[in-house]
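K.L.:
Spelled out from the first residue to the last, the chains are:
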Amino acid sequence: MTTNQLIYLIEGTGWTLLLALTGFLGGGVLGLMIALMRVSRVTSLRWLSYLYVQLVQGIPLPVLMFLSFFGLAVAGFNIPAFVAAAVSMTIFAAAYLGEIWRGSIEAVPKTQWEAGESLGLTDFQQMRDIILPQAIRLSIPPTIGFMVQIIKNTSYSVVIGFIELTQAGKIINNAIYKPFLIFTLVGAIYFSLCSPLSRLSRRLEARLRSRGA
Amino acid sequence: MKYQFDFSFFWDADNAYWQDLAYGALLSAELTIVALVCGFLVGTCAAVGRVTGPGWLRWTIATYVEIIRNTPLLVQTFWLFFGLSSIGFRVPAFAAAVIALTINVGAYSCEIIRAGIESIHKGQVEAAESLALGPISTFLDVILPPAIEKVLPALASQFVLMMLASSIMAQISAEELMAAASRTQSETFRGFEIYIVVAVIYLVMSIILRFIILGLGWIVFPRRRRLAQR
Amino acid sequence: MTVVPTMAPDGPIVAFNDVHKRYGAIDVLKGITFSVRRGEVVCIIGRSGSGKSTALRCINGLERIQAGELTVCGKDISAASRSELRRVRQDVGIVFQSYNLFPHLTVSENIMLAPRRVKGMDRATARTVAEEVLAKVGLADKFDAYPEQLSGGQQQRVAIARALAMQPQLMLFDEVTSALDPELKGEVLRVMEDLAAGGMTMILVTHEMAFARHVADTVIFMHQGRIHETGPGDVLLAPQTPELQQFVANGL
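Chain order of the listed sequences is B, P and R. For this note's numbering, count along the first sequence from 1 and bump the result up by 31. For this note's numbering, count along the second sequence from 1 and bump the result up by 1. For this note's numbering, count along the third sequence from 1 and bump the result up by 82.
For the record, the hints were derived by calculation from the structure and aren't laboratory data. No experiment lies behind these values; they were computed from the predicted model shown. By construction, the Cβ of each residue, glycine as well, lies at the ideal position given by its N, Cα and C atoms. A hint or two may mislead.
Said to hold, decoys possible - Calculated lysine-lysine pairs in the DSS-like style (CA-CA distance at most 30 Å, straight line):
1) R/K267 x R/K218
2) P/K151 x B/K141
3) R/K112 x P/K151
4) P/K123 x R/K112
5) P/K151 x P/K123
6) R/K218 x R/K201
7) R/K157 x R/K201
8) R/K112 x R/K157
9) R/K157 x P/K123
10) P/K151 x R/K218
11) P/K151 x R/K157
Unchecked claim - With the C-beta cut set under 8 Å, the calculated list includes, among others, these residues of chain P facing chain R:
12) V49
13) V52
14) G124
15) Q125
16) E130
17) S138
18) D142
19) P146
20) P147
21) R224
22) R226
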C-alpha cells in the first residue's frame, strides 16, 4: 500500500465526515420540524409527519440514494453525487431524528404543560420555555447515538458512485487486492470515529438515568 | 422541463422486467428470513454468554458487539466476501450476504435481548432456584420467554432495519431486488421509475415483515392475546 | 396441638449450629443455633435488619453461610454443591414477600413447571397435582388465569400452591403478608393456618404477632444478628427480655 493510497483513504474519510455532518445538520433542521409536527395539535400536520416517518423508515437508504440521484436528474439538475447523497442523508436522518425528538418531547411529564398553561403561557411559550429545554436534555444521548448511524450509513452512498471512505477502500483494493488489510483499516477508521460517540452516548444515558430524570 | 413518467416498460412483452423484479424481491425476502432466523439465534446465544458466561467470554462477546455496531455493514461485508476469497474460500455471494447479515444482526439482537434479560427481576430467578429448577430450565422457562416478549417490538424494528440493509448486498453481486433493479435500469435508463417501484416494494415488505414478527409474538406469547380477550 | 404425620428419621428437620453470615463487613448472623422438629411451626420475629429473613433464606441455600453448620432434611448444606442444593430444595418450599409468580405463565403453568421439569412428572399427573393444590388454597377457579389478573392475596395463595405442588417436607414463609393490603392478609393467613393444622412443618418470618401467638409452637425473637429470646407462642404475652418487651409493645 503506497502513501498515495493512504492519502486517498484519508481524503475518503474527509468526504465521509463532510457527508455525515451535512446529513446531520440537514436532518436536524428537517427532523425538528417533523418532531414538532408529530406533537402538534393540528391533525393534518400530525398525519403528514407520521406518513413521512413511516415512508422513510420503510425504504432502504440505498434506494433513497438512487431516488435522489435519478430524481434530481429528471428534475433537470445536473448534480454531483455528493449532493444526491447529502439530500438522501438529510431525508433519512430527519425521519429518525424526528422520532427520537418526538419521544423526548413526549417524555416530559404532562404536568409540565399544565403548569405552563396555568401560568398563562401561550402554546408556543410553553413549548419554547418549558418543554423544549427539558426535552433537549433527554434527547442528547440518543441523538449522539444516532450520529453513529449517520456516519456508518454514509457508506451507502457508494451505490451512486460517491467516493467516500468505503468506496475509496474498494478502489484501492481493486488495485492491490489485499482485502483483509484494506477493509480492516477502513473498518478501524470508522470504529475510531463511531466508538467514542457510542461510549459518550451510553455514558450520558447512564448519567441521565442515575439522576432519576 | 417537464418529465414524462413512463412505467409501461415493466410490462414490456419482450423483456418481462416485472418478473425480474418480483423474483429479486423474493430473493431479498429469502435473504432476510434466513439471516433473521440465524441472527436471532446468534444474538440469543451471545446474550446468554454475555450475561452468564465466564469473564473471557463476556469480554469476547462485548468486543464483537462493539466492533459490529461501530462499523458499517458494507465494510463488514466487503471484509468478509473479498477477504475470504483472497485466502481461497470462494463463498457464493448469496451465502456471504447471509453470513454478513447474520453476524451484523446477531450483534444488535444480542444487545436488545441482553437488555430484556437484565430487566427480569432477581426474584424470578430466586423463585425458580427455590423450586429446584436447574440452570437450563431456569433460563429457558423463566428468564428467556418474558425477556424476549418484552423486547419483541425492538427486535421487530431491528429486523426491519436488517431487511432494508440487505439492499446493499447487490454490492457484492448477490442476486436480490437491488441487483434486479440495477440490471433493469441499465437496460431501460428509467432509473427514477424503477427505484420508485423498488421503494414501494421495500415499503410493503417492511410492513409485512413487522406484521409477521409481531404476529409470531402473538402466537408464541399467549399472555397478551388472552388478556386482550377479556 | 399439631399432628405429626410421619415421624420418619429421628432428629430435627432443620438444625442451625453456630451459623455465621456476613455481607462484606456487616455481620448479619452472629452465631445462630436452633432446631426445628418435624411438624413444628416456628415463627421468627424481630426488627428489620435483625437477620431474620437472612436466616430463613439460608435454609434453602439462597444465602450461603460462612461458618457453622446447617442441616436441612438430614443433609449438611453448609458446603453443599449446586446439585446437592437442588436436591434439598425439592423438599423445601419457600414463599416470598413479593410472590414472585412467573408473569408469563398461567396459574396452572406456574404450578406445573417444577413438578414437570424437576420431577419429570407427565402433563396429566401434574395437572391433577395443580388442581389439588389450587383447591387447597381455595383458587380452583383460577386455573387458567394469569397472575396479573389476580389480587395480591390471590397471587400469594397461588405462590403457596406452587410450593406445595413439589410436596415439600418443609415450608418457609418470608414475610408473605407484608406487601398485602390489610383486607387481603386474612385469606393468606387462613391458608397458612390450614397448612399448620394439617401438620406441615413451617418456618415463618412474620410481623403478624397475633398470628404468631396463635399458630406458632415456637417463637424466636432475633435481635442484632442473634437469637435473643425464644419460647412458645405465649412468650409474646410475657416477654422476658426488655428488647422483646419493647418490640411487642411497639408491634401490637
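K.L.:
Does each hint fit the structure? Answer for all of them.
P.N.:
Hint check results:
no.: 1; hint: R/K267 x R/K218; verdict: holds (17 Å)
no.: 2; hint: P/K151 x B/K141; verdict: holds (25 Å)
no.: 3; hint: R/K112 x P/K151; verdict: violated (42 Å)
no.: 4; hint: P/K123 x R/K112; verdict: holds (26 Å)
no.: 5; hint: P/K151 x P/K123; verdict: holds (16 Å)
no.: 6; hint: R/K218 x R/K201; verdict: holds (21 Å)
no.: 7; hint: R/K157 x R/K201; verdict: holds (20 Å)
no.: 8; hint: R/K112 x R/K157; verdict: holds (22 Å)
no.: 9; hint: R/K157 x P/K123; verdict: holds (27 Å)
no.: 10; hint: P/K151 x R/K218; verdict: violated (33 Å)
no.: 11; hint: P/K151 x R/K157; verdict: violated (40 Å)
no.: 12; hint: V49; verdict: violated (18 Å)
no.: 13; hint: V52; verdict: violated (18 Å)
no.: 14; hint: G124; verdict: holds (4 Å)
no.: 15; hint: Q125; verdict: holds (6 Å)
no.: 16; hint: E130; verdict: holds (7 Å)
no.: 17; hint: S138; verdict: holds (5 Å)
no.: 18; hint: D142; verdict: holds (6 Å)
no.: 19; hint: P146; verdict: holds (5 Å)
no.: 20; hint: P147; verdict: holds (4 Å)
no.: 21; hint: R224; verdict: holds (6 Å)
no.: 22; hint: R226; verdict: violated (11 Å)
When the structure is compared with the earlier hints, violations turn up for hints 3, 10, 11, 12, 13, 22 and for no others.
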